[in-house]
Amino acid sequence: MNRTLGQELKEFDLTKCVQCGKCTASCTSGRDSNLRTRRLVFLVKSGRDVSSDKDLWACTTCYTCQERCPKGVKVTDAIIRIRNSSARAGNRPSIHLTAIRSLLESSDGFPITPDVSKIRSMIGLPIAPVDVAHDEAERERFRKLVSALAISGMAKEG
Amino acid sequence: MPYALFPGCIARNMYPSIEKSTQMVFRELGLELVEVKFTCCPAPGVIRSYDFDSWLVIAARNLAAAEEKGADLITICNGCYGTLEAAHRHLSKHPECVVMVNERLSAIGMSYRSKSKVVHFVDVVDSMLPQIASKVKVELGLKVAIHYGCHYLKPSCESGRNVESPEALERIVGTLGCESVDFPEKLSCCGAGGGVWSGDEKVSLGILARKMRFIKESGADCVLDICPFCHLQLDQGQKRLKNRYEVPVLHLNQLIGLSFGIKDKVLGVHTHMVSTRDIAKKAKRARKDAEAEA
Numbered sequence: 095m096n097r098t099l100g101q102e103l104k105e106f107d108l109t110k111c112v113q114c115g116k117c118t119a120s121c122t123s124g125r126d127s128n129l130r131t132r133r134l135v136f137l138v139k140s141g142r143d144v145s146s147d148k149d150l151w152a153c154t155t156c157y158t159c160q161e162r163c164p165k166g167v168k169v170t171d172a173i174i175r176i177r178n179s180s181a182r183a184g185n186r187p188s189i190h191l192t193a194i195r196s197l198l199e200s201s202d203g204f205p206i207t208p209d210v211s212k213i214r215s216m217i218g219l220p221i222a223p224v225d226v227a228h229d230e231a232e233r234e235r236f237r238k239l240v241s242a243l244a245i246s247g248m249a250k251e252g
Numbered sequence: 062m063p064y065a066l067f068p069g070c071i072a073r074n075m076y077p078s079i080e081k082s083t084q085m086v087f088r089e090l091g092l093e094l095v096e097v098k099f100t101c102c103p104a105p106g107v108i109r110s111y112d113f114d115s116w117l118v119i120a121a122r123n124l125a126a127a128e129e130k131g132a133d134l135i136t137i138c139n140g141c142y143g144t145l146e147a148a149h150r151h152l153s154k155h156p157e158c159v160v161m162v163n164e165r166l167s168a169i170g171m172s173y174r175s176k177s178k179v180v181h182f183v184d185v186v187d188s189m190l191p192q193i194a195s196k197v198k199v200e201l202g203l204k205v206a207i208h209y210g211c212h213y214l215k216p217s218c219e220s221g222r223n224v225e226s227p228e229a230l231e232r233i234v235g236t237l238g239c240e241s242v243d244f245p246e247k248l249s250c251c252g253a254g255g256g257v258w259s260g261d262e263k264v265s266l267g268i269l270a271r272k273m274r275f276i277k278e279s280g281a282d283c284v285l286d287i288c289p290f291c292h293l294q295l296d297q298g299q300k301r302l303k304n305r306y307e308v309p310v311l312h313l314n315q316l317i318g319l320s321f322g323i324k325d326k327v328l329g330v331h332t333h334m335v336s337t338r339d340i341a342k343k344a345k346r347a348r349k350d351a352e353a354e355a
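Top line first, the protein sequences correspond to chains E and D. Positions 95 to 252 (the working numbering) are the ones given, in order, by the first sequence. Positions 62 to 355 (the working numbering) are the ones given, in order, by the second sequence.
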């Protein structure tokens, strides 16, 4: 569903934010990164374009800010949806694109390696896991499914 | 309804000892399991951050695959739970999204009908404590630093869980004859989620370093997780930190397996990056003591 940022604002109650800063104080990532949740919410609320803000991608989505927000703003859910707008606008960290392409191709976010196949065999598991990635027909169906999705377009465009 | 085990990419493809331990423990507990072929959940940190609808469709494909076999999904990973449960919940509230995912799924002859539930294995284990207690053959007596991770507990508006003082893992650890040790940052994130593990190593390891220091200072024999992604971060991540903490890392199903008297090499616990030798030695001694008593 093509949501606009305005709808996102409403859906996640960003307009209720009183700028108390509890989110920034609770932020796991903010102690090691430049992510300042309160500032981010303020900018979005003020209608500013944050799509190229790299700090958006420092959020670990731990949900602590959302849990502690006294106004019930769905901060983490909003950050995830703001990232959607950012990715649509072409801000796509290349390391993530590599992971996405791998997932779309293999059906696994973390594809198996020869070393792990050896460990599987050593501890008595079938070398190939029972999954879509190791069933050629199922994998083809998966590729067909994802080829029509927006994320495939993003992976192609880079 | 039987369960379809959703092991997730990391348990299958990076930490197969977690998949093996899970299979053995679930068999011991008599859970009825059916085999279903799944894809990546898909990973919430990256995929949902890029395109919510694509994330929803791939998740619905996995939910629909379990429905076809008449099974509920049981996850052993907070990330998979975060995706599958959240997608299931979102679809239950947004009929327009059900129409959208079913349009996509129809291209490959599948459909989502909201028939299967998604459960986190911790809730199943927590509901079976008397059975667990009766199967504990060796009391390891370990001091355990519990790491809940994020997406089993949060967001609480949906999970309904007590996120500031959860108790399930403390109960389970106690039932296994181990002791939960407290430490600052116990409930904080491991630093891997949200695409940060792959996207920003400095931030990811900075978060982990702080947590590991407190875990080390707590005197814990091991750190316990309920998620292969946290496990990956805690085990491999420790090796990438400047300080060498060398605190062994166990997924809950591995600790349960050891407590049920299954050898570490059968579970595959010896394949971790951080040595689990001290845990294995304690388990061996406890097994011998238990046998001598019997």
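Note that these hints are calculated values from the structure, not bench results. Check each hint, because a few of them may be wrong.
[Stated by the list, open to error] Away from chain D, derived, C-beta distances all over 12 Å, residues of chain E:
(1) Ser127
(2) Gly141
(3) Met216
[What the hints assert, rightly or not] Ranges between beta-carbon positions, derived for each pair:
(4) Arg305(D) to Ala222(E): 23 to 29 Å
(5) Ala222(E) to Glu164(D): 40 to 46 Å
(6) Glu199(E) to Glu157(D): 25 to 31 Å
(7) Arg301(D) to Lys250(E): 41 to 47 Å
[As the list claims (entries may be wrong)] With a cut-off of at most 25 Å between alpha-carbon atoms, the simulated DMTMM-like pairs for lysine to aspartate or glutamate come out as follows:
(8) Lys116(E) to Glu246(D)
(9) Lys198(D) to Glu93(D)
(10) Lys204(D) to Glu219(D)
(11) Lys250(E) to Glu129(D)
(12) Lys98(D) to Glu199(E)
(13) Lys130(D) to Glu161(E)
(14) Lys238(E) to Glu225(D)
(15) Lys98(D) to Asp229(E)
(16) Lys165(E) to Glu129(D)
(17) Lys250(E) to Asp114(D)
(18) Lys326(D) to Glu251(E)
(19) Lys176(D) to Glu232(E)
(20) Lys324(D) to Asp209(E)
(21) Lys130(D) to Glu230(E)
(22) Lys154(D) to Glu105(E)
(23) Lys238(E) to Asp114(D)
(24) Lys178(D) to Glu232(E)
(25) Lys104(E) to Glu219(D)
(26) Lys104(E) to Glu161(E)
Idealized CB from N, CA, C, for every residue including glycine.
ask   = Looking at the structure, which of the earlier hints fail to hold?
value = Going through the list in order, the structure violates hints 1, 3, 4, 5, 7, 10, 11, 13, 14, 16 and 18 and respects the others.
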